[in-house]
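There are 2 protein chains.
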Amino acid sequence: MQKLTVFFVSDHTGVTAEAVGHSLLSQFRELEYHALTVPFIDTPSKAVALAERVRAAMPAVVISTLTDENIRAGLRNCEAPVFDIFDAFSAPLATLLGMAPTASSGQIHGMSNSYHARIDAVNFALAVDDGLNPERLGEADLILVGVSRAGKTPVSLYLALQYGKKAANYPLTPDDLVAHTLPPVLLKHREKLRGLTLSAERLSQIRNERLPGSRYASLENCRSEIQAAEAMMAASGIPVIDTTRRSVEEIAALIVHEEARG
Amino acid sequence: MQKLTVFFVSDHTGVTAEAVGHSLLSQFRELEYHALTVPFIDTPSKAVALAERVRAAMPAVVISTLTDENIRAGLRNCEAPVFDIFDAFSAPLATLLGMAPTASSGQIHGMSNSYHARIDAVNFALAVDDGLNPERLGEADLILVGVSRAGKTPVSLYLALQYGKKAANYPLTPDDLVAHTLPPVLLKHREKLRGLTLSAERLSQIRNERLPGSRYASLENCRSEIQAAEAMMAASGIPVIDTTRRSVEEIAALIVHEEARG
Numbered sequence: 002m003q004k005l006t007v008f009f010v011s012d013h014t015g016v017t018a019e020a021v022g023h024s025l026l027s028q029f030r031e032l033e034y035h036a037l038t039v040p041f042i043d044t045p046s047k048a049v050a051l052a053e054r055v056r057a058a059m060p061a062v063v064i065s066t067l068t069d070e071n072i073r074a075g076l077r078n079c080e081a082p083v084f085d086i087f088d089a090f091s092a093p094l095a096t097l098l099g100m101a102p103t104a105s106s107g108q109i110h111g112m113s114n115s116y117h118a119r120i121d122a123v124n125f126a127l128a129v130d131d132g133l134n135p136e137r138l139g140e141a142d143l144i145l146v147g148v149s150r151a152g153k154t155p156v157s158l159y160l161a162l163q164y165g166k167k168a169a170n171y172p173l174t175p176d177d178l179v180a181h182t183l184p185p186v187l188l189k190h191r192e193k194l195r196g197l198t199l200s201a202e203r204l205s206q207i208r209n210e211r212l213p214g215s216r217y218a219s220l221e222n223c224r225s226e227i228q229a230a231e232a233m234m235a236a237s238g239i240p241v242i243d244t245t246r247r248s249v250e251e252i253a254a255l256i257v258h259e260e261a262r263g
Numbered sequence: 002m003q004k005l006t007v008f009f010v011s012d013h014t015g016v017t018a019e020a021v022g023h024s025l026l027s028q029f030r031e032l033e034y035h036a037l038t039v040p041f042i043d044t045p046s047k048a049v050a051l052a053e054r055v056r057a058a059m060p061a062v063v064i065s066t067l068t069d070e071n072i073r074a075g076l077r078n079c080e081a082p083v084f085d086i087f088d089a090f091s092a093p094l095a096t097l098l099g100m101a102p103t104a105s106s107g108q109i110h111g112m113s114n115s116y117h118a119r120i121d122a123v124n125f126a127l128a129v130d131d132g133l134n135p136e137r138l139g140e141a142d143l144i145l146v147g148v149s150r151a152g153k154t155p156v157s158l159y160l161a162l163q164y165g166k167k168a169a170n171y172p173l174t175p176d177d178l179v180a181h182t183l184p185p186v187l188l189k190h191r192e193k194l195r196g197l198t199l200s201a202e203r204l205s206q207i208r209n210e211r212l213p214g215s216r217y218a219s220l221e222n223c224r225s226e227i228q229a230a231e232a233m234m235a236a237s238g239i240p241v242i243d244t245t246r247r248s249v250e251e252i253a254a255l256i257v258h259e260e261a262r263g
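Top line first, the protein sequences correspond to chains A and B. Here our numbering is used: the first residue of the first sequence is 2, the next is one more, and so on. Here our numbering is used: the first residue of the second sequence is 2, the next is one more, and so on.
Hints are computed from structural coordinates only; laboratory data are not their basis. Incorrect hints may appear among the rest.
Any copy, or any two copies together, can satisfy a pair, since identical chains are not distinguished.
Claimed, not checked - Cut-off 20 Å, straight-line C-alpha distance, at most; resulting in silico cross-link-like pairs (SDA-like, lysine to any residue): (1) 47 with 258; (2) 193 with 82; (3) 47 with 201; (4) 4 with 95; (5) 4 with 100; (6) 47 with 259.
With the hints as constraints, model all of the structure from the sequences given.
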């Protein structure tokens, strides 16, 4: 049989359709398929044109997040089965709520905060990245603390872009690590502090990619830096997340949903 | 009636459940609800504990992306209606494909590229942000070009975090804008160039937030910079995206899906 083509179709960026689609299909481990994301299908005529492409690609499946039923109708003649989240859930939700859905609806996207807040937060994260401008820490919603290469910068940027959170990040340098408590500039903002830690093995691996064979990257040095940092965080009573086996988005979600404690 | 509580429930970060949920509910404009995101429900016992919370919050609705049916089963006694994407689509997909879904499945998330590629891309975006280290432009997948505050930095970071694309960004300064073509350092990489532009009114507004009342932010100066930049991009034949009414994620999706041309 010809390889299956799966279309991830959206009236917006396609990020959610892709996430849902890949995840649904990953349940079928044997399945080999060719995936194609088609974003911005936001008029019925674009949907009709897409139906043509789908027909030409059979065997195919469509997994979609099309909020407007008139646009979904444009896909009707595509011959492939269509799994649409709105098609599946809008009617039962309407019945449940006793309300009629409106045709032109909010666009689906993965960003949960207002646009301005997110851009401001990105600019803030860059301005205070890596301990820069510590006098601005008071503006932060959160301050990520950890040794060099613990993952602070990507997490702070993701917190900004996805959640609109102003996240500063502050590296614990070898100079800081000889003390037994966190630097005073941080302790002023203790409520906002979130520690990031990771295994010495993983840290050494990451640092070796950057500075191969250096003392900075050696397992021994990584182990001693992490021990000192963890002791310091524990002494200050701040929540700590182990990032060793977690992705940036997982770490960010843990922080935002405050499940990180303990 | 008591206000409805909507639970967005996920075995992973909750980003997709939130996006799907808010979008589904935005179809019902009159509806007032209290939303609660509950991520990392990744064991049946966590689901059973959540069912208790849902029961206590009635009237409630659950919108979820729980990949494992054993975990979904833990919610069974929550009393609220549950709309789960996997519950709705796994069985019909299995029938269609003639395959059985496996219980422990891939986690749902909005990130489509491998972890390392994304972190490398973030580090790259930061290293070459705002025209820094132009000798590294050869490593870029894409180079965003535009006047100051056209939105290049957030878009390049989002391209990195979401898509694992190495996106550099290069500001067209007043010095560059007196020429009639793009700077030679960019033209060497013409295939990778993507222009960002926006309305002079919007640019002036953004710049006024940064440097109120400055010549830099004046409508007149913004208009002349944009005219020069657009002329230069047109002369070099690079694709250009108008960012005036687009969000960072929309711009990134347009770029990635190459729909930006023309």
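Checked hints:
In the homo-oligomer, the alpha carbons of residue 47 and residue 258 lie at most 20 Å apart only across protomers (15 Å), although the nearest pairing inside one protomer, at 39 Å, exceeds that limit. In this assembly of identical chains, residue 193 and residue 82 lie within 20 Å of each other by CA distance neither inside one copy nor across copies; the values are 49 Å within and 37 Å between. For the homomeric pair residue 47 and residue 201, neither the shortest alpha-carbon distance inside one copy (52 Å) nor that between copies (30 Å) is at most 20 Å. Proximity of residue 4 and residue 95 under a CA criterion of 20 Å is satisfied inter-copy only: 16 Å between copies versus 38 Å inside one chain copy.
For the identical chains of this complex, residue 4 and residue 100 are inter-copy neighbours only, at 15 Å across copies versus 42 Å inside a copy, given an alpha-carbon limit of 20 Å. Taking the shortest alpha-carbon separations for residue 47 and residue 259, only the inter-copy value of 16 Å comes in at or below 20 Å, while the best intra-copy value is 42 Å.
Comparing the model with each numbered hint stated earlier shows that hints 2 and 3 do not hold.
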